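Since chain Z is already given, all that's left is putting chain A on it; use the hints.
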Amino acid sequence: MTPSETRARRLTAEQVRRGLLAGFVAWLIPGAGHLLLRRPRRAAVFFGLVTLAATLGVVFDGNLAVADPRAPVLTRLQVAADLALGPAEPVIRTALYGAPVYSRFGLESGRLSREARAALERRERRFFRRWNHYGTAYLLAACLMNLLVILDAWDIGIGRKD
Amino acid sequence: MRHLAHMLVLAAILSVFFAFLFAESGRRLRLGLKLFAGLAGGALLLGYLMYPFS
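Quick note, the sequences are listed as chains Z and A, same order.
Number 86 in this note's numbering belongs to position 86 of the first sequence; there are no gaps in the numbering.
Number 193 in this note's numbering belongs to position 31 of the second sequence; there are no gaps in the numbering.
Derived from the structure by calculation, the hints contain no laboratory data.
Note that this is a predicted model, so its numbers are computed, not measured.
Warning: the hint list may mix true and false statements.
Beta-carbon label-pair distances, calculated as ranges [what the hints assert, rightly or not]: (1) Z:Leu20 / A:Leu195: 33 to 41 Å; (2) A:Leu206 / Z:Arg114: 43 to 51 Å; (3) Z:Val91 / A:Gly203: 33 to 41 Å; (4) Z:Asp155 / A:Arg189: 12 to 20 Å; (5) A:Leu195 / Z:Thr55: 19 to 27 Å; (6) Z:Ala118 / A:Gly209: 18 to 26 Å; (7) Z:Arg114 / A:Ala185: 47 to 55 Å; (8) A:Gly200 / Z:Pro90: 30 to 38 Å.
Glycine included, C-beta positions come from ideal geometry on N, C-alpha and C.
With the rest of the complex left out, here is chain Z (with noise of 0.2 Å):
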């Protein structure tokens, strides 16, 4: 048996429950899964951080990615690590671009819509704005950081961390 298997055979069904509730809690609005789990400085923080980077980020002009057939792996990466800023994502790519678009496939070949096509042209365009590259650092630092505390949320509820 792997340390693997004998780590997951030793997690209860309640620990498992409370780790997947903390982290979908924590993924919903940064910090909750915290809170959640009764460490609510942690968690006010979390949500100060997270809130900060993001807000910086819009204020800042900076890009969400969207998978992109020239480097296809790194940038359906760099969208997936986006979702994990949770339901704030899709409503800020939507601010930002004027719909919720995530992939600039089939966009030479016309099998896009056309509000898909001009929402990826206001994408581009925020590329030639003075702080674009700065927003973007700052948006994908708080992705990041939602990701890592969705992870400490997990631990925690499954006991692994105080």
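Just chain A, lined up with the frame of chain Z:
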């Protein structure tokens, strides 16, 4: 200068975040300060290596 300001803000955010993620309450300040020093120093060095004469 603006690059430096952005890097310091980002370094501060990440330092506080990782200090709260990884350290117990008594050791957070020390870890946060070490992280901030490392991140800010790294950003300065990277900025200098990329734009040495600006």
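Hint check results:
1. At roughly 35 Å, the beta carbons of Leu20 (chain Z) and Leu195 (chain A) sit within the given window of 33 to 41 Å.
2. Hint check: Leu206 (chain A) to Arg114 (chain Z), Cβ distance near 46 Å, so the stated range 43 to 51 Å holds.
3. Under the hint 33 to 41 Å, the C-beta atoms of Val91 (chain Z) and Gly203 (chain A), about 36 Å apart, fit the expected range.
4. For the pair Asp155 (chain Z) and Arg189 (chain A), the supplied restraint of 12 to 20 Å holds, since their beta-carbon distance comes to about 18 Å.
5. Between Leu195 (chain A) and Thr55 (chain Z) the beta carbons are some 25 Å apart, a value that agrees with the proposed interval 19 to 27 Å.
6. A hinted range of 18 to 26 Å for the beta carbons of Ala118 (chain Z) and Gly209 (chain A) is inconsistent with their spacing of about 37 Å.
7. Take Arg114 (chain Z) and Ala185 (chain A): their Cβ atoms lie about 51 Å apart, and the range 47 to 55 Å holds.
8. Between Gly200 (chain A) and Pro90 (chain Z) the beta carbons are some 35 Å apart, a value that agrees with the proposed interval 30 to 38 Å.
In the structure shown, a violation is registered for the earlier hint numbered 6 alone.
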